[in-house]
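**Q** The primary structure of each chain is shown beneath.
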Amino acid sequence: MKEKLTTIKQAITLVNDGDIVALQTMATVASPMALVRELIRQKKQNLGLVVLVGGIPVDWLAAAGVIDRLIGAAVTMEQFGLCQQYRQAVEQGRIRVEEISESVLNARLGAGARNLPFLPTRGAIGTDLMKENPDNMKLIEDPFGGLPVIACRALNPDVALIHAHRADRFGNVQYEPTAIWPDIGIMPNAAKKVIVSAEEIVDTEVLRKNPDRTVLPGFIVDAVVEIPYGAHPTSFYPNYGYDSDFHRQWTAISRDKDQVSDFLQKYVSTPVDQSDYLKLIGGKTVLKHLARWEEEE
Amino acid sequence: MKEKLTTIKQAITLVNDGDIVALQTMATVASPMALVRELIRQKKQNLGLVVLVGGIPVDWLAAAGVIDRLIGAAVTMEQFGLCQQYRQAVEQGRIRVEEISESVLNARLGAGARNLPFLPTRGAIGTDLMKENPDNMKLIEDPFGGLPVIACRALNPDVALIHAHRADRFGNVQYEPTAIWPDIGIMPNAAKKVIVSAEEIVDTEVLRKNPDRTVLPGFIVDAVVEIPYGAHPTSFYPNYGYDSDFHRQWTAISRDKDQVSDFLQKYVSTPVDQSDYLKLIGGKTVLKHLARWEEEE
Amino acid sequence: MSADWQNSPPADEYSIEELIISVLAEQFRNDDQATNGMGSFIPVAAFMLARMTHAPDLIWLAGTVGLEPRPKRIPASTLEAPLWKDSIMYIEQYGDAWHYLFSDRWIEKFCVGAAQLDQFGNANNSVIGADYHAPKVRLPGTAGLADLCSLGKKLYYWNLNHSPKSLVEKVDFISGAGYLDGHDTRDKLGLKNGPQLVVTNLAVMDFHKESKRMQLKSVHPGISVDEVQAATGFELLLPQGTVPETARPTEAQLGMIREDIDPDGMRNK
Amino acid sequence: MSADWQNSPPADEYSIEELIISVLAEQFRNDDQATNGMGSFIPVAAFMLARMTHAPDLIWLAGTVGLEPRPKRIPASTLEAPLWKDSIMYIEQYGDAWHYLFSDRWIEKFCVGAAQLDQFGNANNSVIGADYHAPKVRLPGTAGLADLCSLGKKLYYWNLNHSPKSLVEKVDFISGAGYLDGHDTRDKLGLKNGPQLVVTNLAVMDFHKESKRMQLKSVHPGISVDEVQAATGFELLLPQGTVPETARPTEAQLGMIREDIDPDGMRNK
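Protein chains in written order, with the working numbering: chain A, 44 to 340; chain B, 44 to 340; chain C, 8 to 276; chain D, 8 to 276.
Calculated from the structure, these hints are not laboratory results.
Values in this document were obtained by computation on a predicted structure and should not be read as measured data.
Please note that the accuracy of each hint is not assured.
[To be verified] Pair by pair, the computed Cβ-Cβ distance ranges are:
(1) B:184 <-> C:218: 34 to 42 Å
(2) D:77 <-> A:45: 27 to 35 Å
(3) C:267 <-> A:219: 23 to 31 Å
(4) C:254 <-> B:252: 22 to 30 Å
(5) D:197 <-> A:178: 42 to 50 Å
(6) D:200 <-> B:184: 40 to 48 Å
(7) A:295 <-> C:171: 29 to 37 Å
(8) B:312 <-> D:195: 49 to 57 Å
(9) D:270 <-> B:243: 34 to 42 Å
(10) A:316 <-> C:254: 58 to 66 Å
(11) C:171 <-> A:296: 30 to 38 Å
(12) A:252 <-> C:138: 32 to 40 Å
(13) A:135 <-> C:275: 31 to 39 Å
[To be verified] Here are a few chain A residues that face chain B, going by a calculated C-beta distance under 8 Å:
(14) 163
(15) 181
(16) 220
(17) 311
Backbone N, C-alpha and C define an ideal beta-carbon position, used for all residues, glycine too.
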């Protein structure tokens with residue numbers, strides 16, 4: 044097997060300006076935040092994002108001017124509210140949105156993963172999503188005489204960014220039993236390149252104990268880096284919960300340009316590495332607290 | 044949750060003459076053999092089978108005159124040879140075969156499970172499978188201007204027969220980590236009814252310990268029965284290997300009508316229940332041997 | 008299950024959230040299958056209440072992920088792991104969810120909120136304003152709503168802010184198909200079921216059988232028909248005869264909501 | 008990995024299966040990905056041999072199920088769990104396999120047998136005889152072959168019984184698309200790659216670059232070109248100049264096959 048272990052800096056050089064980047068993210072769940080911070084540090088430009096439901100990473104990438112388009116089903120931080128930087132950018136026409144439903148996203152990525160030109164869905168029929176997206180969603184007849192379907196055009200993102208529980212140095216990636224969203228279940232399969240951060244790099248022998256938990260084979264992965272707490276401030280079950288305080292800090296200032304700039308300076312530009320970042324966000328005290336999941340207290 | 048636990052007799056009454064039955068089976072792997080024997084005992088008629096790769100259960104159902112058509116990708120017992128009773132029936136025109144490739148089977152069942160009229164594949168393009176199957180495979184244009192695809196018509200079998208490692212009385216079904224073939228991974232999802240035999244019926248609490256291993260939710264399952272060694276003579280990893288001696292006994296006589304009749308009388312009609320069957324096939328000595336997997340000796 | 012819930016008297020004091028929860032709970036039967044999305048504290052409370060009372064076998068797929076979970080109480084998010092604690096099964100969200108959720112074969116009922124809902128039950132969670140690419144307000148987006156609306160689900164909308172801005176004559180953008188232009192315009196696309204009920208802070212509405220226009224079903228205690236009409240951005244159809252009053256939650260229901268289901272008051276956030 | 012495999016001399020005594028294994032092993036490079044189906048003792052031995060010699064990083068998806076397994080030796084079935092012992096990953100066969108196997112993005116090489124193979128590399132594992140619904144012989148069926156042939160794989164056929172019945176001018180039924188009618192007829196359907204090599208008990212054949220007709224590449228030691236032609240049901244193209252002799256397996260390769268890979272002799276069954 045081929046060596047895929049590298050540094051976060053090297054890994055993110057695989058992302059080119061203008062790329063379409065598939066980003067693992069739900070409202071507050073499992074997002075490769077260390078990789079996202081590195082995108083900002085490397086001042087990537089004109090990226091397009093593919094998300095199922097984007098949360099804080101989308102807001103940060105919008106705030107930092109890294110992205111100019113988004114393909115996705117929703118952007119929100121659930122109980123923490125809307126992503127204001129993203130919202131402003133869309134309202135001002137700086138980010139163009141191709142809004143698609145979850146089944147359309149599944150179909151576009153599924154077609155990409157299978158190298159098929161399209162997959163069909165009957166979700167979203169009758170909505171305005173189709174009207175705004177004639178290049179990627181076309182109503183076609185069922186050749187067997189049944190109801191028409193929406194053909195959803197194959198989408199192959201240039202690169203997928205993923206955070207996982209463990210990986211070996213050859214890019215074989217495991218996920219603990221938990222919700223498997225399309226961002227891990229299909230996005231990397233459709234992408235042309237895959238970059239993975241993992242809570243820990245382990246010996247391949249460890250993976251062989253639970254082959255059913257391996258979600259990505261090394262041969263589709265291009266780079267893997269070890270980043271403990273790499274999903275902070277999003278949750279990473281069962282390791283740690285989302286950081287409510289951190290999310291609230293962000294939403295408290297996220298409408299204000301200057302404060303946003305200071306925030307990103309502090310949490311994204313200044314830390315020299317993940318260990319430095321973890322100190323900054325509160326160190327062991329906060330991490331211990333998150334490991335308990337606030338709902339369980 | 045609703046009670047789904049029943050007897051094998053009751054369970055198989057859910058299968059009607061003429062039904063299309065999706066059958067879990069690979070060449071020598073994991074097949075719900077106790078359910079298959081009950082189909083024969085209840086003298087079901089004119090069943091159609093859907094299989095990925097059929098082995099000994101297909102041969103028995105052919106021999107017993109239960110089936111008159113088959114939709115599948117292959118029928119063979121791998122190192123034990125062809126299914127001779129099936130082969131004779133096809134050659135004599137008693138069983139009509141709709142031969143499809145694995146991706147076409149996946150597409151037909153996947154469309155059925157999603158209630159879509161079809162799913163596309165580019166597998167099988169250029170073969171004669173399409174020519175023989177114009178009702179279910181049609182070449183259609185890509186509406187986005189790419190290569191054409193084969194639209195594979197949705198298939199919803201009337202009933203799926205499944206053997207699993209464990210289930211609760213509400214029809215929630217678990218499978219141990221191992222190969223998950225389409226016969227368990229998609230067939231039951233596409234079927235209108237699902238009948239499951241399980242090595243053991245457990246308390247729901249047992250399932251909650253490993254929710255990632257639950258492969259079928261109770262709400263799609265209609266009947267569940269407890270049948271230890273219910274896949275014999277096929278293998279059921281990790282519980283037991285396939286029974287080579289038994290397969291060889293069958294292939295030794297499977298070309299001869301009278302001997303076949305005697306064989307089925309002995310192993311299918313005579314045993315009053317699974318425990319009786321297990322004594323007949325050699326009892327604990329054989330079962331202990333199979334539990335070791337012959338390749339591991 | 009509380010033994011006396013069937014004979015419990017209507018409560019005198021309750022919050023509007025508690026009323027909505029009790030109305031929604033009533034919609035779920037023992038043989039139903041239901042699921043919830045993000046920010047769905049009220050639907051989750053309704054499912055839990057239904058399961059504790061008249062519908063113990065209601066199948067619940069928590070957050071579209073966890074089958075038959077046992078959360079201790081409603082957690083701070085309805086799309087995080089604590090909600091699907093102790094599930095029997097995790098539904099994988101690309102493959103399995105397509106079979107169980109994004110088809111019209113299973114999981115028939117869904118409760119959801121919408122920024123705008125129009126007289127034919129079309130829902131908008133996408134943009135406010137006419138220019139899609141430079142909207143006045145960019146809303147979160149359709150998420151799975153576009154799918155569920157078109158895939159034969161029965162949809163139950165809740166709305167804590169009944170106003171001419173949220174109940175509009177025509178939505179700015181159809182993120183979720185209701186009855187489209189009314190009458191048989193939904194049927195003609197082969198879309199089954201659709202919006203069933205709209206429960207707001209003022210009233211309960213359903214849809215006229217023929218025209219598919221939104222129709223007042225009941226007004227909440229203390230609210231007049233005129234008040235409801237004045238707060239609605241289009242003319243509501245009225246039922247024949249007197250408009251009934253929405254049933255109040257019972258004391259037993261309130262006890263369950265406040266003590267067992269949602270002691271942390273997530274329903275009020 | 009045996010240290011001296013590179014300098015090992017050609018063996019004097021070897022079985023035809025061992026020769027075929029060594030020829031096939033040669034086709035797999037260090038950066039390839041390969042998989043095997045049922046009854047594939049010879050391909051599995053070839054993969055294992057390649058990994059023990061020149062291609063230690065050859066990715067092997069055993070039985071299309073198990074990634075990078077460590078079977079102790081070739082078990083009695085190439086589609087049962089002992090083959091994928093100690094795998095790094097189990098590929099789920101409905102969803103994952105569609106991405107990795109039934110597309111032309113990954114797993115490029117596949118070794119397979121066919122009951123009939125014609126001059127353009129079209130394969131038949133379905134029926135012998137003209138009447139599809141009452142065939143002279145019902146063969147097992149295409150299984151995944153129809154897919155793999157059309158999905159841009161490079162196919163390596165092996166055949167232990169080179170005869171006019173197995174190598175025919177035109178197959179009775181195309182279960183797996185080769186070069187169809189030759190020339191650009193495969194290309195025109197947008198099908199990439201296709202059959203690369205046919206290794207039989209007599210010879211090794213490949214396909215002419217332009218016409219896509221089967222062409223003799225080498226004859227096995229002790230076999231003449233005439234013998235090969237006489238055993239072939241169509242006219243084989245010949246390479247320019249003398250037809251080379253197929254390289255014999257080395258002593259080191261034989262040692263690995265006999266002692267490590269297949270001590271039980273599954274390759275002869």
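**Q** If I claimed the Cβ atoms of residue 184 (chain B) and residue 218 (chain C) lie 34 to 42 Å apart, would that claim hold in this structure?
**A** Distance hint for residue 184 (chain B), residue 218 (chain C) holds at roughly 40 Å.
**Q** For the range 23 to 31 Å, tell me whether the beta carbons of residue 267 (chain C) and residue 219 (chain A) fit it or not.
**A** Given range 23 to 31 Å: holds, Cβ gap about 30 Å.
**Q** Please check whether residue 197 (chain D) and residue 178 (chain A) have a Cβ separation lying inside 42 to 50 Å.
**A** violated (22 Å)
**Q** Would the stated hint for residue 181 (chain A) survive a check requiring a Cβ distance to chain B of less than 8 Å?
**A** holds (4 Å)
**Q** The hint says 30 to 38 Å between residue 171 (chain C) and residue 296 (chain A); measuring C-beta to C-beta, is that right?
**A** holds (33 Å)
**Q** Using the C-beta atoms of residue 295 (chain A) and residue 171 (chain C), is the stated range 29 to 37 Å upheld?
**A** Check passed, 31 Å falls within 29 to 37 Å.
**Q** Quick one, is the residue 220 (chain A) hint okay against chain B at 8 Å, beta carbons?
**A** holds (4 Å)
**Q** Does the hinted range 22 to 30 Å hold for residue 254 (chain C) and residue 252 (chain B) at CB?
**A** Since the Cβ atoms of residue 254 (chain C) and residue 252 (chain B) sit about 41 Å apart, the hinted range of 22 to 30 Å is violated.
**Q** Range first: 27 to 35 Å. Now tell me if the beta carbons of residue 77 (chain D) and residue 45 (chain A) are that far apart.
**A** violated (18 Å)
**Q** Regarding the hint that residue 311 (chain A) lies at the interface with chain B, is the smallest CB-CB distance below 8 Å?
**A** violated (34 Å)
**Q** In this structure, is the beta-carbon distance linking residue 312 (chain B) and residue 195 (chain D) contained in 49 to 57 Å?
**A** holds (56 Å)
**Q** At the C-beta level, are residue 200 (chain D) and residue 184 (chain B) separated by a distance inside 40 to 48 Å?
**A** Violated, at about 24 Å.
In summary, the structure is inconsistent with hints 2, 4, 5, 6, 12, 17 from the numbered list given earlier, while agreeing with the others.
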